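A.B. asks: Residue numbers (numbering that gives the first Met the number 0), protein chains in the order written: chain A, 0 to 353; chain G, 0 to 327.
Just so you know, not all the hints are guaranteed correct.
No more than 20 Å apart at the CA atoms, straight line, and that leaves these computed lysine to aspartate or glutamate pairs for EDC-like [stated by the list, open to error]:
1) G/Lys-223 with A/Glu-121
2) A/Lys-76 with G/Asp-135
3) G/Lys-238 with A/Asp-101
4) A/Lys-76 with G/Glu-220
5) A/Lys-76 with A/Glu-58
6) G/Lys-223 with A/Glu-203
7) A/Lys-76 with G/Glu-236
8) A/Lys-221 with A/Asp-157
Bear in mind the hints are in silico, worked out from the structure with no lab data behind them. Because the structure is a prediction, the values reported are computed rather than measured.
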Amino acid sequence: MGSKIMTKSPVPQNPMPAERLLELDDVHVHFPLREGLVKAVNGVSYHVDKGEVLGIVGESGSGKSITARAIMRLLPKRAAPPTGSIRFRPRTGEDFELSGLDRNSRAIRQVRGRHIGMIFQEPMTALSPVHTIGTQIMRTVQLHMGLGKVAARARAIDLLAKVQMPRPAQMVDAYPHQLSGGMRQRAMIALAISCDPSLLIADEPTTALDVTTEAQILELLKSLQSELGMAIIFITHNFGVVADIADRVSVMYLGRIVETASVDDIFYAPKHPYTQALLRSIPRLGVDQGRRLPTIPGMVPDPFSVPEGCAFNPRCGHAVAGLCEVRVPPEKRFGAQMSRCHIADQFVQEPANV
Amino acid sequence: MVAFILRRALLAIPTLIFISFISFVIIQLPPGDYVTAYVAQLRQSGEYISAIQEAQLREQFGLNDPMLVQYWRWISNIVLRGEFGYSLEWNAPVSSLIWDRLGLTLAISSVSLVITWLIAIPVGVYSATRQYSFFDHFFTVFGFLGKGIPDFLLALVLMWMAFAYMNLDVGGLFSPQYQNAPWSLAKVVDLLAHLWIPLVVLATGGAAGLIRVMRANMLDELGKPYVETAYAQGLSESKVVWNYPVRVALNPFISTVGWALPALFSGDIITAVVLNLPTTGPLLLQALKMQDMYLAGSFILILSVFTVIGTLISDILLAWFDPRIRYA
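Okay, chain G solo, but in the shape it has when bound:
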């Protein structure tokens, strides 16, 4: 097992180098660069900037250097000094921008993941063991609706309802008076009052799909002979179902735990933009639009690291959970 983890960790290094280079290149592929985007933005607000100033900016940011040099400057700082570079747009270190938002992102995403699982697994099991019952059909309708309605639309509708009928202040995670206030009990209560919309939106979308997955897995497993064996042993239905087919049907969930990690970090970008959440997703979107390559690149690099680690965690969990994989 230790050798397996070590080998996988070593393999991750070339993967990450490759991803970081590719993403750095792709961010810069669109015509123009950060200065072009910046100048265009200034023009829109009526300010003017001379060609000389533009060239100076490029020189200052090192945008004239060959791409390999820019890449090396960026990546060597990360590896040697742990610095992710400087966001051109925000005029601030990338790390401070990202880590600021990371806490809230992780909180929202992990809570919504837990809620998703708490809904999806029991409902999926119920739907499979009571196939074609009234509630199975009910949850099927719910599942397809949840899957079919885009998250951002659900977010908009919920916001409108909360605002129009319940007179709640929606959008963002804090009321204005708490925005920059230090943490206090009142601020936490305020946070919770705002948090339910993103949680509902993210959990329904996720649960809807997972219910279908769980139901299909369970139906496959329930027909297998080992389930009949368990019944023939005299176990009660609930013992049979939860000890045998559910154990096997959970495998696909466990193998996707790893993807949850990068998903936690990026969050649901569109929903976050609609709900004006101070999470990492909208930050990445903005960075990409502005070709703020150090911010965007660092972002994608961190995502990749999370993906690689997440996959590794999944593999280890799966090996621990399913003996057939352990000995293969």
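Extracted from the complex, chain A is given alone in its bound form:
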């Protein structure tokens, strides 16, 4: 099992375009477990441009969060060393080869919190229960911006005001358990944007919140994004949320990106049967009343026995025998749209009925 350490794939030397902020190329994250090798992230490539919101949609276990952690070099310790290239160029202009950085290296610690902020799903547990939110924000600000205590506290209050926390001057001394879920997520966002990062990774930030609060947090993220000009990777399993906030969308299934497109193309011209099936299974007001909602047949395969060829082929209505279960589909490009499907061309002429 230990011999399965893979050699680092050659780093593509073509320079990143000027507008590029982050570029992932063929990233793999594997977990050698007792039950077998889990390829949680199996060759993921995507990019984020400056000031852009990339939505990443996928079911639980599709590898969307693990990819984000590969960017932050915060993978669980039982993961094998990730391979592939991750390049990052924040607004300050330095080039970071994140894929070459060690989990505890000084370089990655300068990226975390300073150039890349991260917010998490559970605002309840993602903040330290024994420190005030002010202390937690101040610690980051003091670390990266070299501010003194007084200045850091003033900045913490400013940040809380910026995320529309009521009474920021008092709330800076509040403990997480004294806040509501929405307020906690606001505090978490204040912490993540405290050093004006170029990129914010939001890992299902609204999943644990009720719908009203979710809408408020999304509004807040959108206004912060345009105000601060930062890019966002927005990870979610909710297409509605993605439609609201994202410029482009990548859909993940079993460790691979199956389709990437602009938010309009994803909703109106999806070119992967999985995306199409997901969209069909969203309930809509006033449509198909009294009929069963279409679902995707079968179950997500268990991670130890991912199907050969296209991982989606056993559940796919369009699967071509002798092809889809044999060969991994290549990335087919249609302008800015990408689909990993053997028969993606077929959906160009006759837009799928979704």
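Take the given structure of chain A and dock chain G to it, following the hints.
C.D. replies: Relative to chain A, chain G alone:
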């Protein structure tokens, strides 16, 4: 906070009355009384005492009175005059017997507590952050051995080794020539030369268990999302570990600080007997065996007071340390 402390202090009074009564009754529950035990002891050494003398002793000690009367006589003296009564066996005031030994007991116990914590917390943190590493396994073995070997056995082995291989004078806290000598530099050095065995014994036993507790707490905390948040802020590993999960993982330690107080007082009785230490533990054991009820009762009463105060201190410390408790 003040109201909380006051309320807790008031609640302590009925608790203490109840404990003192129950312990007084339990000490006297075994058949016979102090005079029976005393007579039996005399017989063993070949002396004889007549039934009349026995009855006189009982009368003199007030052992014929109803238990409630005896209890009242004892407790009212404590409350009104601060006197803990008279030890029948030692023929001396209880307070002088106890306070004499208390200083050394407190010294040994508090130093061993500090050593225990100094070992247990860093080792527990290390074991958790480097789970399944060589040293984690090493400390795990040490932990189970330390927990599994009875303290008195370890004390015996250490004494034997110190005596047989290092030719050291062991047992007790002083060499004979310093036993009753006034305090001097030489006496302190002599004390330190004797002190290491009880300290090693008490600290290993305590640390072994606490390492496991600290390790388990840390493993729970290290998996929590707030630790990942701290890493995502760009803090270094040592800053993350010591500022966040350790802070939370220390809670159970703080909540048991209170128990340290009565434990300091009673010491580790068996170890103290084996090592012939002039601490309070062996005194209590002897008092219980002889049904010396005023000595034993006072002892248990003082222990209870320490327990109640210790718990109160723990609660206050915990509230100060963990904001979630403060506002609950």
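A.B. asks: Provide an ascending list of the numbers of those earlier hints which the structure does not satisfy.
C.D. replies: 5
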